[in-house]
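Chemist: Residue numbers (UniProt numbering), protein chains in the order written: chain A, 1 to 337; chain B, 1 to 160.
Each hint should be verified, as a subset may be incorrect.
Claimed, not checked - DSBU-like, lysine-lysine: derived pairs with alpha carbons at most 35 Å apart:
(1) A:274 <-> B:137
(2) B:81 <-> A:275
(3) A:171 <-> A:76
(4) A:171 <-> B:48
(5) A:260 <-> B:17
(6) A:275 <-> B:79
(7) B:150 <-> A:260
(8) B:17 <-> A:171
(9) B:150 <-> A:274
(10) A:274 <-> B:9
(11) A:275 <-> B:137
(12) B:81 <-> A:171
(13) A:59 <-> A:76
(14) A:187 <-> B:75
(15) B:39 <-> A:190
(16) A:190 <-> B:9
(17) B:39 <-> B:75
(18) B:17 <-> A:275
(19) A:132 <-> A:336
(20) B:75 <-> A:275
(21) A:260 <-> B:81
FYI, nobody ran anything at the bench for these hints, they're computed from the structure.
Model, not experiment: these values are computed from the prediction.
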Amino acid sequence: MKIILVGFGIIGKGVLKAINLKSEHLKKKYGLDLKVAAICDRSGAAIDEEGLDLELALKVKEETRKISNYPEKGCKMDILEVIGSVNADVVVEVSPTNIETGEPAKSYMLKAFETKKHVVSANKGPLAVSFKELVTAAEKNKLCFRYEASVGGAMPIINLAKETLAGNDVKLIKGILNGTTNYILTKMEKEQLDFDTVLKEAQELGIAETNPHQDISGLDTAAKIVILANSIFGRDVTIKDVNLEGITRITPEALVMANKSGHTIKLIGEVTDKKLEVCPKLVPVDSPLNVMGCLNVAMFDTDLANDIVVVGTGAGDIETASAILSDLINIHQTIKN
Amino acid sequence: MIFLDLELKDSPGELLKALQPISSAGANIFSVIHMRENKTRDGRVPVKVVIEKLNDNLLHSIIENLEKLDVIVAKINEKRKKINLEIVVVGHIVDTDVLDTIDRINEIGTVVDLDLTMPDPIAESSARMRITIDNEKLKELYDEFDKIAKEKGLLFIKSC
């Protein structure tokens, strides 16, 4: 199976590392021979329909920051042109997210569907903004569109609800879907530090981004629950429909007050067929939702299986690549059958 | 038969006090199970009382009298009646008239405990409230929280 990798940042590099690491395992266990026919970044692309040398691609990117410097096969071709012209089965879309317009990732995905390529994405923006348009384009062209990595990183959420829990009526999903805010609240609680101090430390450690607005305002979690609302609950909503409150007003004293009644405070995203909410909530300390540090957690309330809880790493290059790889394997098996 | 789930303060004589309004109303008590080992989060002792079937008016008057004695009637026939709600509030709680905030909550439920911390005269303060409320009035209370939050710039952190 040939893929085009769009986006060669932390996640893109993680995808190549995971493919490299698992290539023999994928061949043996699934009969899947993954070849990367093209890699695109802002500088251009490297193209070889017979399969690029992944270690060389990673080396070129590391040393020059531009994939267009890949020897002989590097070029300045535009990403849309690469998607349209290179012969491949799947586009793996992991370019930077834009949760206001979803662009340019949305156009990349539409171009992929238009040129009969399946899509695997880790990109929240286009899914939160234009879910229906993208799903319709995939269905119209009878193509697979999978996006497990867009919510909860390595943690199975979308595929768990749609496939493993198939037959169940999922009544509610709630949980912590942003590791940065969980890290900040955990640290504030443990060390009685104020929000600004912990945020600064998280930025120095690379846990929070230089511009942490999307995380701490709850927008990142909101984008994820919109994806869950649309993909699992069959709703047609966008971020604007989310009742949103971030964690910037949480004080160490508020956490002490919560502790006094046997609770802690977590930024919880909650979705049902009517509700769409992201806000700090009191969580009992003995609840499975009380996970620490950068961990993510999701609780499903279902009619047959009752409560199901998944806990995992919500971010990270290899962790996200794990979800992408599972989507690629699923597409391979779908094509085979 | 009617099954009542009561929650009593953990002090001597409370069980006897709680049975008084039932026996005074002339209702037969079939059984009383005192569950000292399963205390509630706020330290109350759950008691299950089974009484004979009564008409609605008599039952209502018994419940009213129990509540006057600070007995929480948590469930009637397994249907949850009262809940104990914990919330944390962040903001300028005192400066925005804390009495008015409590009065407005008390019109819907009852604030039974308040713990307030003011680390700095300028910084926002934090408070913990425990509210006892009829289950069916929960949405009304949450709507009032939203109203107060907008008016006074307070953040109400509700239970998950």
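Chemist: Now look at each hint and say whether the structure bears it out.
Modeler: We went through each hint and held it up to the structure:
no., hint, in the structure
1, A:274 <-> B:137, "holds, 19 Å"
2, B:81 <-> A:275, "holds, 24 Å"
3, A:171 <-> A:76, "violated, 49 Å"
4, A:171 <-> B:48, "holds, 31 Å"
5, A:260 <-> B:17, "holds, 29 Å"
6, A:275 <-> B:79, "holds, 24 Å"
7, B:150 <-> A:260, "holds, 26 Å"
8, B:17 <-> A:171, "violated, 42 Å"
9, B:150 <-> A:274, "holds, 23 Å"
10, A:274 <-> B:9, "violated, 38 Å"
11, A:275 <-> B:137, "holds, 18 Å"
12, B:81 <-> A:171, "holds, 23 Å"
13, A:59 <-> A:76, "holds, 18 Å"
14, A:187 <-> B:75, "violated, 39 Å"
15, B:39 <-> A:190, "holds, 27 Å"
16, A:190 <-> B:9, "holds, 32 Å"
17, B:39 <-> B:75, "holds, 16 Å"
18, B:17 <-> A:275, "violated, 43 Å"
19, A:132 <-> A:336, "holds, 27 Å"
20, B:75 <-> A:275, "holds, 27 Å"
21, A:260 <-> B:81, "holds, 25 Å"
Going through the hint list in order, the structure does not satisfy hints 3, 8, 10, 14, 18.
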